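**Student:** Sequence:
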Amino acid sequence: VQLQACGGGLVQAGGSLRLSCAISGNIFSISGMAWYRQAPGKERELVARKISGGTTTYADSVKGRFVISIDNANNMVYLQMNSLKPEDTAVYYCYTWRGVDGYWGRGTLVTVSS
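Count the sequence shown with our numbering and you get residues 5 to 118, in order.
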C-alpha cells in the first residue's frame, strides 16, 4: 500500500486548507484511514480517523474545524481544515492499516501564521 499526501502550505490564521492523500497498491480490506500530525518538538498525534463502515473520530483540538472524508471510487482521502490556528502548524501524514499492518505516507507541511 502506498500513500501520497499533498495540499500543505502556508496559510494565515483563520484560513482553510484541504489536504489530499492518494492511496494505491493492494488496498483490499483496509480497515480505515486516518490523518496524523507532528509539530516541531512534539510527538505524532492523531488528528482524525475514519474506520471503514464505522465511526469517525477527531482530536478534541480540531473538532468542529476539521473534516475527514473518503472517496472510495477514486481511492482518495481528504482532510478539510477550517479556522486554522498557529497551533495547527505541523507535518501532516495520512495513514491506513489492515489488521496489525500500518502504512504511512510522506508528510505534507502545514504552516499557519498568526
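By construction, these hints were calculated from the structure, which means they are not laboratory data.
The model shown is predicted, which means the values in this text are computed figures rather than measured ones.
Ideal Cβ placement from N, Cα and C applies to all residues, glycine included.
Honestly, I wouldn't trust all of these hints.
[Said to hold, decoys possible] Straight-line alpha carbon distances no greater than 20 Å define the calculated EDC-like cross-link-like pairs of lysine to aspartate or glutamate that follow:
hint: 1; residue 1: Lys89; residue 2: Asp64
hint: 2; residue 1: Lys46; residue 2: Asp75
hint: 3; residue 1: Lys67; residue 2: Asp105
hint: 4; residue 1: Lys89; residue 2: Glu47
hint: 5; residue 1: Lys46; residue 2: Asp105
hint: 6; residue 1: Lys89; residue 2: Asp105
hint: 7; residue 1: Lys89; residue 2: Glu49
hint: 8; residue 1: Lys46; residue 2: Asp64
hint: 9; residue 1: Lys89; residue 2: Asp75
hint: 10; residue 1: Lys67; residue 2: Glu91
[Said to hold, decoys possible] Cβ-Cβ distance ranges computed for the label pairs, FRET-style:
hint: 11; residue 1: Gln42; residue 2: Met80; range: 29 to 37 Å
hint: 12; residue 1: Asp105; residue 2: Ser73; range: 33 to 41 Å
hint: 13; residue 1: Val104; residue 2: Leu14; range: 14 to 22 Å
**Student:** Hints first: check each against the structure and report whether it holds.
**Tutor:** Tested hints:
Pair hint Lys89 plus Asp64 holds up; C-alpha atoms about 14 Å apart against a cutoff of 20 Å. Between Lys46 and Asp75, the direct Cα distance comes to roughly 30 Å. Violation of the 20 Å bound is thereby established for this hinted pair. For the hint pairing Lys67 with Asp105, the CA-to-CA distance comes to about 27 Å; that exceeds 20 Å, so the pair is violated. With a C-alpha separation of about 18 Å, the suggested pairing of Lys89 with Glu47 holds against the 20 Å cut-off.
With a C-alpha separation of about 24 Å, the suggested pair Lys46 and Asp105 falls outside the 20 Å cut-off, and the hint is violated. A distance of roughly 33 Å separates the Cα atoms of Lys89 and Asp105; the hinted pair therefore is violated under the 20 Å criterion. Taking the CA atoms of Lys89 and Glu49, the gap is near 16 Å; set against the 20 Å cutoff, the hint holds. At roughly 17 Å between alpha-carbon atoms, Lys46 and Asp64 fall within 20 Å of each other, so this suggested pair holds.
For the given pair, Lys89 sits about 27 Å from Asp75 by alpha-carbon distance, which is inconsistent with the 20 Å threshold. At roughly 14 Å between alpha-carbon atoms, Lys67 and Glu91 fall within 20 Å of each other, so this suggested pair holds. The hint said 29 to 37 Å for the Cβ distance between Gln42 and Met80, and at roughly 22 Å that hint is violated. Taking 33 to 41 Å as the suggested C-beta distance range, the pair Asp105 and Ser73 does not conform, at roughly 23 Å.
Taking 14 to 22 Å as the suggested C-beta distance range, the pair Val104 and Leu14 does not conform, at roughly 37 Å.
Checked against the numbered hints given earlier, the structure breaks hints 2, 3, 5, 6, 9, 11, 12, 13 and satisfies all the rest.
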